[in-house]
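Chain order of the listed sequences is A, B and C. Residue 241 in the numbering used here sits at position 241 of the first sequence; the count goes up by one each step and never skips. Residue 175 in the numbering used here sits at position 175 of the second sequence; the count goes up by one each step and never skips. Residue 189 in the numbering used here sits at position 189 of the third sequence; the count goes up by one each step and never skips.
Just so you know, the hints here were simulated from the structure itself, not pulled from any lab data. Be careful, since some hints might not be right.
[Said to hold, decoys possible] With the C-beta cut set under 7 angstroms, the calculated list includes, among others, these residues of chain C facing chain A: (1) 18; (2) 75; (3) 132; (4) 140; (5) 144.
[Stated by the list, open to error] Now the in silico label distances, taken between C-beta atoms and shown as ranges: (6) C:21 x A:13: 28 to 36 angstroms; (7) A:224 x B:432: 21 to 29 angstroms; (8) A:323 x C:6: 50 to 58 angstroms; (9) B:583 x A:135: 38 to 46 angstroms; (10) A:219 x B:432: 27 to 35 angstroms; (11) B:626 x A:135: 18 to 26 angstroms; (12) C:58 x A:299: 57 to 65 angstroms; (13) A:135 x B:133: 17 to 25 angstroms; (14) C:58 x B:583: 31 to 39 angstroms; (15) A:126 x C:58: 34 to 42 angstroms; (16) A:183 x B:40: 24 to 32 angstroms; (17) C:179 x A:46: 47 to 55 angstroms; (18) B:626 x A:183: 33 to 41 angstroms.
C-beta atoms are modelled at their ideal positions from N, C-alpha and C, and glycine is treated no differently.
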Amino acid sequence: MREFDYRRASDVPGALALLGTEPEARYLGGGTNLVDLMKSGVERPALLVDVRELPLERIEVADDGVLRIGATVTNSDLAAHPEVRRRYPALTQAVLAGASGQLRNMATVGGNLLQRTRCAYFADVSKACNRRVPGSGCPAVAGEHRNHAILGASTHCVAVHPSDMGVALAAFDAVVHYATADGPGAVPLAEFYLPVGDTPHRETALPPGALITGVTLPPAPVAAASRYRKVRERASYAFAIGSVAAALDVRDGVVHDVRLAFGAVASRPWRAQAAERALIGGPATAEAFGAAADAELTAAEPLPGNGYKVTLIRNLVVAVLTELAEESRQTEEATR
Amino acid sequence: MTTTTTGTVPVIGAVGTAHTRIEGRDKVTGAARYAGEIPFAELAHGWLVVSTIARGRIRSIDAAPVLAMPGVLTVLHHGNAQPLESDYVGPMGTPDPALQLFQHDRVPYAGWPVALVVAETSEQAREAAESLTVAYDEEPHDVAFAAGHPEAYVPAGNPRAEAEQEKGDLAAELAASAVVVDSEYSTPEEHHHPMEPHAAAAYWDSGRLEVVDSNQGSIFVAQELARLFSLDQSAVRVRSEHIGGGFGSKGTRPHQVAAAMAATILHRPVRVVMTRRQMFSLAGYRSPTAQRVRLGADPDGRLRALDHQGLNQTSTVHEFVERSADVARAMYDADAHHTVNRVVRLDVPTPTWMRAPGEAPGSYALECALDELAEKCDIDPIALRARNEPTVGPISGLPYSSHRLLACFEEGARRFGWGDRDPRPGVRREGRWLLGTGTAAASFPTLVAPSTAAVTAEADGSYTVRITAADIGTGARTALALVAADALEVTPDRVTVLIGDSDFGQAILAGGSMGTRSWSWAVTLAARSLREQLALGGTVPPEGITARSDTAEALGTLPPRERHAFGAQFAEVAVDIATGEVRVRRMLGVFAAGRIVNPLTARSQFLGGMVWGLSMALHEEAVRDETTGTVVGADLAGYHVAANADVPLIEADWVDDPDEDDPVNIKGIGEVGIVGVAAAVANAVWHATGVRHRHLPIRPDRVLAAGTGALPQAADARG
Amino acid sequence: MAPSTAGAITLTINGEKHTLPVDNRTTLLDALRERLGLTGTKKGCDQGQCGACTVLLGGRRVVSCLQLAVAAEGREVTTIEGVADGERLHPVQQAFLDLDGFQCGYCTPGQICSAIAAIEEHAAGWPSAATTDVRPEAGIPPLTADEIRERMSGNLCRCGAYVSIVQAVARAAEDSARTAGRTDVTDVEGAA
């Protein structure tokens with residue numbers, strides 16, 4: 001690990017100013033990803049600007065019903081917050097499905113969105129990686145890619161985004177808010193991660209030097225009946241090999257509203273809009289759920305070693321939506 | 001028996017009763033210090049640099065810029081390292097060339113040690129090591145292990161363990177068999193990963209090389225270091241008080257050699273700790289195996305033919321044989337019986353012993369094949385094993401010292417509820433989960449090796465045991481206190497056990513399930529001898545009275561027998577064939593493994609072995625990248641070992657099985673707990689889904705790829 | 001402002017204030033082990049992938065290997081050396097000792113610190129990935145064996161002591177719930 005300067009910021013303008021003093025500077029949140037990457041040599045900042053003590057640690061419901069989540073809210077506090085659990089239970093489930101209790105106590109919402117891929121080639125500086133060293137190549141395409149992308153990838157990079165939280169946020173139309181020296185900005189999560197194309201090293205739409213200040217979630221009644229299901233290679237403390245965040249509103253057997261997003265299939269949390277369009281107004285049946293998943297997954301381009309993910313995601317969509325539909329039916333019956 | 005001179009009432013019976021660990025309080029309070037935690041004045045920190053290429057030569061090492069970095073004290077490499085002795089046969093045979101640190105420019109595999117950077121602080125050492133530029137001339141490499149590799153060969157065996165053994169006419173018996181199973185199995189590269197990384201600190205004190213280490217046998221490390229550095233044995237002392245797990249990986253490794261080298265040059269203490277990533281290439285591992293098992297049987301399941309062929313990889317510089325096929329030689333007889341262990345040399349690190357070497361992967365293949373045979377013969381898997389229980393060693397013809405495998409199965413079947421089992425696969429469902437149960441047999445050789453011990457009667461009426469044993473988490477320190485207490489006929493609280501110091505003399509390392517047996521034997525002989533001396537009367541002088549033992553002679557008179565621990569493993573699994581998830585719901589292991597010294601810690605050791613088996617069945621695989629020759633994702637997020645949530649309530653118990661030839665009736669329990677577990681899990685997955693998984697681990701991608709090969713009724717069954 | 005790659009920090013560790021110089025690269029884990037001699041906190045992977053280095057920072061469990069010491073300036077740290085009440089072991093320590101919730105002991109300090117926090121997190125009503133219904137209306141989930149397993153999964157134990165670890169955590173949680181007059185700790189198989 002290279003020697004670096006460390007400064008602690010106490011307010012957002014101060015943080016932006018500090019970062020502006022050094023071209024090789026990074027914001028430090030919980031550090032669960034950045035410090036690890038510094039140890040492995042992937043990140044070699046000259047200056048860390050610690051943003052953990054910025055006044056961005058609140059979760060509140062605004063007058064318009066929008067849920068505002070500060071950027072330095074820890075994963076633990078986000079998952080445990082009553083309004084999150086009540087209004088967006090899949091978000092709580094997604095956060096709790098990630099990492100471990102210790103890491104969730106450290107990791108922040110802003111940092112979670114900016115965490116880097118866990119592709120083993122990216123994390124090993126002795127290997128080529130277009131995301132880390134543009135133009136050096138992508139050994140994963142011909143190498144070990146069991147947990148790589150089936151959607152939205154390119155020959156330049158097939159890595160997946162590791163966030164669980166982001167999958168639920170994507171399903172619920174989250175908006176990422178940031179500050180820059182020129183003033184604040186916002187970008188929908190759907191546009192936050194840039195397409196991979198031939199520039200996998202350009203990961204987000206954040207302007208240079210920008211600091212994430214928070215995430216907002218618009219009111220979404222459908223989200224009250226939502227679920228996050230994650231499949232991984234052990235029962236806990238492992239990254240997803242496939243996950244689904246889903247919310248479903250069924251009225252009289254017809255899909256009134258639905259949200260669907262996939263994790264561990266692409267370089268970003270994958271909002272399954274084709275599947276959602278296929279479902280709205282149609283029957284809430286296993287056949288329809290499967291057909292909707294197929295509508296989304298026709299775009300899948302699996303590698304030789306990760307074709308199972310297509311089956312996995314399809315099966316997860318059917319299983320989770322079927323569960324939600326069944327629970328909705330039971331609720332309808334109970335209220336009649 | 002004589003009485004002691006201490007005047008207290010003799011107490012017998014510490015062995016066999018539960019005792020918490022002697023060092024337990026130190027371990028739960030953080031007071032127990034492990035090798036990397038002992039402070040030294042002027043301690044310098046060494047950081048190893050390993051090769052990034054899989055084969056070739058070092059062209060140059062540019063040390064000058066690194067030497068100019070803050071705090072850097074030295075950079076050792078093949079251009080400046082002191083010569084080491086290589087022409088010797090050490091305690092573990094010819095030396096592993098990886099211990100010939102920095103002696104030449106050749107790189108035989110990725111992760112080969114090429115330099116050591118030493119600095120004042122670990123942060124400085126790390127940054128300097130990562131900044132060191134090493135240029136290579138790369139050569140083509142081959143790291144692709146597969147069944148049928150054209151360069152596979154049958155290694156030279158030794159009289160106790162021949163690589164190939166056969167009797168009868170295999171082809172004829174297979175042809176005459178009404179039922180034949182012919183299946184290929186594979187197990188992946190697996191790594192020990194004790195929670196404590198390998199760590200050693202070395203320094204010179206009054207002309208002696210002192211090493212504070214984390215190892216499984218301090219005398220073995222001391223002897224190896226003495227050979228390497230051409231020192232008298234008495235000039236090297238290695239201590240290893242607390243060891244954070246070993247599992248076969250903690251012998252002599254490059255870090256101890258590096259620390260000793262640097263301490264010699266710098267004239268100050270130097271500590272070298274492996275990083276978790278370095279452990280993937282410097283600490284040994286279990287080779288992948290490719291195995292073929294052919295079983296031929298009469299319709300009632302009686303075996304006519306048994307053929308078990310194993311293949312493993314080794315490095316190009318050192319041979320290690322993973323003896324997968326050996327397990328069949330102890331377990332099942334057949335009119336024609338053939339077993340062979342083959343090896344192929346690749347550009348990979350040298351594998352080593354890892355918990356139940358041979359038996360762990362071998363039993364997976366053999367016990368799965370037995371399950372396949374039971375299915376084909378339509379008989380219960382336990383009945384099949386009973387039908388083929390040998391009366392003498394199938395190959396040796398020797399009688400068994402004891403053979404209580406069926407007692408394990410009977411007790412296990414009763415407790416597990418095996419009798420109610422519907423043998424049909426794929427007919428039990430609970431929500432999204434298909435349920436199944438499976439069983440398998442376990443065995444591991446009962447070994448013993450010469451050891452010495454000293455027991456001292458102190459003037460205050462207490463006793464001190466000194467033996468170069470190692471407590472790697474087994475509870476050896478506590479077990480030896482109980483054994484000594486019984487032999488001395490005193491209560492355990494009057495016995496102090498000192499271990500992990502090469503100055504205590506020759507003793508076998510903690511491995512092969514022979515530590516507690518070998519050490520207890522030596523402690524018992526020394527204690528008996530001491531009691532005879534004390535019986536002569538007189539007072540105990542201030543320096544105490546010490547008796548010593550050496551078991552070499554007694555072991556030489558052991559009658560030849562087939563000596564093994566046995567066990568019966570049971571597992572219930574739940575499989576979601578829509579997601580590929582497999583969960584183990586419960587496990588039971590019943591063992592016949594000699595007299596159990598400390599039931600509290602023995603249970604933990606059996607359970608730990610079974611957790612290893614579960615982890616082997618479902619999680620563990622190091623994937624080697626063919627292009628670079630390295631392990632992909634060489635960390636604990638990429639290499640999965642079972643986490644807490646993977647492990648259900650497991651029960652482990654045992655049946656009476658005293659070894660009558662052993663003074664304490666001990667066999668050994670460290671390995672047998674893992675044996676057969678992966679097979680029991682795989683057999684249960686078949687019972688749940690109807691799909692045979694012949695390649696470990698049984699991961700979601702593999703379960704999904706197997707598809708709904710499950711029986712058609714599975715989807716609709718409610719059971 | 002001239003760059004500075006080292007400085008002095010003040011930490012309150014186990015109730016005692018310590019001021020020490022650190023390289024900015026120094027993790028809290030290395031500061032404890034190498035600078036302060038508090039070696040009870042273990043280094044298993046140094047990458048946040050094993051949990052052996054778990055300590056309580058500001059009362060919450062964290063992995064100290066990914067916590068830069070300089071970024072912990074001014075905060076309160078509790079390590080394994082600080083959880084007992086003098087000679088009297090913390091109930092979690094006592095349960096680990098009595099029920100043999102460890103073998104080699106290397107992951108044990110991290111397991112114990114993690115368990116202490118996990119019991120508190122549960123008592124505070126935090127759900128886990130094992131909680132079926134996370135909505136606040138569902139109340140605090142009973143601390144079943146599955147809940148303990150999930151909440152303790154950030155601490156790997158290669159010796160495979162998980163069965164006894166779960167039993168030890170259950171016993172300690174029952175003790176602490178009984179003390180607090182709560183009855184929501186139930187259903188742990190074999191809890192002694």
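Hint-by-hint comparison with the structure:
no.: 1; hint: 18; in the structure: 19 angstroms, violated
no.: 2; hint: 75; in the structure: 10 angstroms, violated
no.: 3; hint: 132; in the structure: 10 angstroms, violated
no.: 4; hint: 140; in the structure: 11 angstroms, violated
no.: 5; hint: 144; in the structure: 15 angstroms, violated
no.: 6; hint: C:21 x A:13: 28 to 36 angstroms; in the structure: 31 angstroms, holds
no.: 7; hint: A:224 x B:432: 21 to 29 angstroms; in the structure: 24 angstroms, holds
no.: 8; hint: A:323 x C:6: 50 to 58 angstroms; in the structure: 55 angstroms, holds
no.: 9; hint: B:583 x A:135: 38 to 46 angstroms; in the structure: 44 angstroms, holds
no.: 10; hint: A:219 x B:432: 27 to 35 angstroms; in the structure: 32 angstroms, holds
no.: 11; hint: B:626 x A:135: 18 to 26 angstroms; in the structure: 23 angstroms, holds
no.: 12; hint: C:58 x A:299: 57 to 65 angstroms; in the structure: 46 angstroms, violated
no.: 13; hint: A:135 x B:133: 17 to 25 angstroms; in the structure: 21 angstroms, holds
no.: 14; hint: C:58 x B:583: 31 to 39 angstroms; in the structure: 35 angstroms, holds
no.: 15; hint: A:126 x C:58: 34 to 42 angstroms; in the structure: 37 angstroms, holds
no.: 16; hint: A:183 x B:40: 24 to 32 angstroms; in the structure: 56 angstroms, violated
no.: 17; hint: C:179 x A:46: 47 to 55 angstroms; in the structure: 51 angstroms, holds
no.: 18; hint: B:626 x A:183: 33 to 41 angstroms; in the structure: 51 angstroms, violated
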